[in-house]
Amino acid sequence: MLSIFIKMSANWKKAQASLKEAEKMRVEAELKNLKNQINPHFLLNTLNNVYSLIEFDKEKAQEAIQDLSKMLRYILYNQRDYVSIHEEVGFIMNYVKLMKIRLTDNNEIITDISVSESSTTQVTPLLFISLVENAFKHGISATDKGFIHISISEPESGIISCVISNSYHPKSDSDKSGSGIGLEQVSKRLELMYPNKYIWNNYITDNGATYVSNLTLYK
Amino acid sequence: MTLRCIIIDDEPLALNLLEKYVTQTPFLDFKGKFSNAAQALEFISSTNVDLVFVDIQMPELNGIDFSKMVKGKTKIIFTTAFSQYAVESYRVDAIDYLLKPFSYSDFLQAANKALNWYELSSQPNITSEEVSDNTKAADDSIFIKTGRKIIQLKYSSIIYIESMRDYVKIYITDSPHPIVCLARMKLIEHKLPEGYFIRVHRSYIVNKDKINFIENNCIIIGRMRIPVSDSYKNNLDLLLRKKQL
Numbered sequence: 001m002l003s004i005f006i007k008m009s010a011n012w013k014k015a016q017a018s019l020k021e022a023e024k025m026r027v028e029a030e031l032k033n034l035k036n037q038i039n040p041h042f043l044l045n046t047l048n049n050v051y052s053l054i055e056f057d058k059e060k061a062q063e064a065i066q067d068l069s070k071m072l073r074y075i076l077y078n079q080r081d082y083v084s085i086h087e088e089v090g091f092i093m094n095y096v097k098l099m100k101i102r103l104t105d106n107n108e109i110i111t112d113i114s115v116s117e118s119s120t121t122q123v124t125p126l127l128f129i130s131l132v133e134n135a136f137k138h139g140i141s142a143t144d145k146g147f148i149h150i151s152i153s154e155p156e157s158g159i160i161s162c163v164i165s166n167s168y169h170p171k172s173d174s175d176k177s178g179s180g181i182g183l184e185q186v187s188k189r190l191e192l193m194y195p196n197k198y199i200w201n202n203y204i205t206d207n208g209a210t211y212v213s214n215l216t217l218y219k
Numbered sequence: 001m002t003l004r005c006i007i008i009d010d011e012p013l014a015l016n017l018l019e020k021y022v023t024q025t026p027f028l029d030f031k032g033k034f035s036n037a038a039q040a041l042e043f044i045s046s047t048n049v050d051l052v053f054v055d056i057q058m059p060e061l062n063g064i065d066f067s068k069m070v071k072g073k074t075k076i077i078f079t080t081a082f083s084q085y086a087v088e089s090y091r092v093d094a095i096d097y098l099l100k101p102f103s104y105s106d107f108l109q110a111a112n113k114a115l116n117w118y119e120l121s122s123q124p125n126i127t128s129e130e131v132s133d134n135t136k137a138a139d140d141s142i143f144i145k146t147g148r149k150i151i152q153l154k155y156s157s158i159i160y161i162e163s164m165r166d167y168v169k170i171y172i173t174d175s176p177h178p179i180v181c182l183a184r185m186k187l188i189e190h191k192l193p194e195g196y197f198i199r200v201h202r203s204y205i206v207n208k209d210k211i212n213f214i215e216n217n218c219i220i221i222g223r224m225r226i227p228v229s230d231s232y233k234n235n236l237d238l239l240l241r242k243k244q245l
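Sequences listed follow chains A and B, in order.
For what it's worth, my numbering labels the leading residue of the first sequence as 1, then goes sequentially.
For what it's worth, my numbering labels the leading residue of the second sequence as 1, then goes sequentially.
Since the hints were made in silico from the structure, they are not lab data.
Built from N, CA and C at the ideal position, the CB exists for glycine as well.
Take the hints with a grain of salt, since some may be wrong.
As the list claims (entries may be wrong) - What follows is a set of in silico ranges between Cβ atoms, one per label pair, in the way DEER data are often shown:
#	chain 1	residue 1	chain 2	residue 2	range
1	B	D166	A	L76	33 to 41 Å
2	B	K71	A	L183	34 to 42 Å
3	A	S187	B	S46	48 to 56 Å
Stated by the list, open to error - Calculated lysine-lysine pairs in the BS3-like style (CA-CA distance at most 30 Å, straight line):
#	chain 1	residue 1	chain 2	residue 2
4	A	K24	A	K14
5	A	K58	B	K33
6	B	K169	A	K58
7	A	K137	B	K33
8	B	K20	A	K60
9	B	K20	A	K97
10	A	K145	B	K208
11	B	K33	A	K100
12	B	K31	A	K145
13	B	K208	B	K169
14	B	K208	A	K97
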């Protein structure tokens, strides 16, 4: 009888320990996730641009600070597994607006959002942003003309399509303008959150002039 | 004195602010702005430019690589949002390094450094008035500007001084590393009292007290051999005539 009790207590202790371990891992993963989501280069570059804007266009500077606040709030206080497509689109639009103030007139940025206002579709957060970041990283040139077209739509209820095409200016390894989650991470997250429920194609077209990333998420 | 100046940054807003800073600085003569370094290089090849403000992190040609391609007297001040480039910027001998976002006063401080550099390097021979002024002051030390500090050095702590183009390296007793100072040899020679020091070469001034021995037109101090050149041999001969047994 006593031996059974001792054994049970040992098992219980073991279970407690592994529970603690799991909790620790979860917190660590969360922290790591957070670090990945806030690209320090994006943050610093945006602050620099806002600093200049204050000199030339105070209203635009205020607007930029609001956009940045919205982005930070979304990233920092939003640890849900799924968010509404509208929240996610709003986040991407804020990001695009902030990136636009850094660019020369050489670059054309077009966003085309066609998701019905009544849509209740949920998506996993901060997935599309990696594709958008990537487009800004490779689609922009200081010398040549460049473009980025971002289209997010819901062709059928519950099905979200994100198509991003951009002019292709591959950058050297020494350039550190981008970073963020990276496309490898996107792949991992898709496998985890949308197993067998997504199609993702990346390809180069127009004789190497255009890069396209086409992601569809199914119900 | 005005410095002809260009600015380079791939981000238009940063470029605009920099332009404003340059144009409101009386001693800077704004010559152009460029959103990429390659265009700026082309401009420099046909126009004299004294000072370039250049962003480090740019696509295609970055600021550090750009500065390595700039030849001649053109001086560089880097601007960047990322402090990890600081070490490399010192390696390429930049005048200064501005961390974005920087205020006009930060900017002016860096620009002043460049102005000082040019004024020092174009300074004519020192006036006799200054020299006599210097000898009157019966002290035993000199003030040396190195980096952001001005330090006081006792004459007795200076072993010898070596010139490196626009800089001098001052070897001292208390440190294995020389103190580097932006100054021409002629200037520092005049500032040092004759009783203590002797110029033995275009590139060397030696503290007389530190000489161990002289051999084959070389002065030996510890492990260091300092050459005595023909044009300065007279100085040494004079000393030896007075002091040699």
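Results for each hint:
1. In this structure the supplied range 33 to 41 Å is violated for D166/B paired with L76/A, their Cβ-Cβ distance being about 50 Å.
2. The hint said 34 to 42 Å for the Cβ distance between K71/B and L183/A, and at roughly 41 Å that hint holds.
3. Between S187/A and S46/B the C-beta distance comes to about 50 Å, which sits within the given range of 48 to 56 Å.
4. With a CA separation close to 15 Å, the supplied pair K24/A and K14/A stays within the 30 Å bound.
5. Our distance criterion of 30 Å between C-alpha atoms is met by K58/A and K33/B, whose separation comes to about 23 Å.
6. For a cut-off of 30 Å, the pair hint linking K169/B to K58/A is broken: about 49 Å separates their Cα positions.
7. Between K137/A and K33/B the alpha-carbon distance is near 24 Å, which keeps this suggested pair within the 30 Å criterion.
8. Of the pairs offered as hints, the one joining K20/B and K60/A holds, with about 18 Å between alpha carbons and a cut-off of 30 Å not exceeded.
9. Restraint check: the Cα-Cα separation between K20/B and K97/A comes to about 25 Å, which is no more than 30 Å; the hinted pair holds.
10. For a cut-off of 30 Å, the pair hint linking K145/A to K208/B is broken: about 66 Å separates their Cα positions.
11. A C-alpha spacing of about 20 Å is found between K33/B and K100/A, which places the hinted pair at or below 30 Å, so the restraint holds.
12. Between the alpha carbons of K31/B and K145/A the distance comes to roughly 25 Å, so the proposed pair stays at or under 30 Å and holds.
13. In summary, the hint linking K208/B to K169/B is supported, as the alpha carbons are separated by about 17 Å, within the 30 Å threshold.
14. A hinted pair counts as satisfied when its Cα atoms are at most 30 Å apart, and K208/B with K97/A does not qualify at roughly 69 Å.
Consistency note: the structure conflicts with the earlier hints numbered 1, 6, 10, 14.
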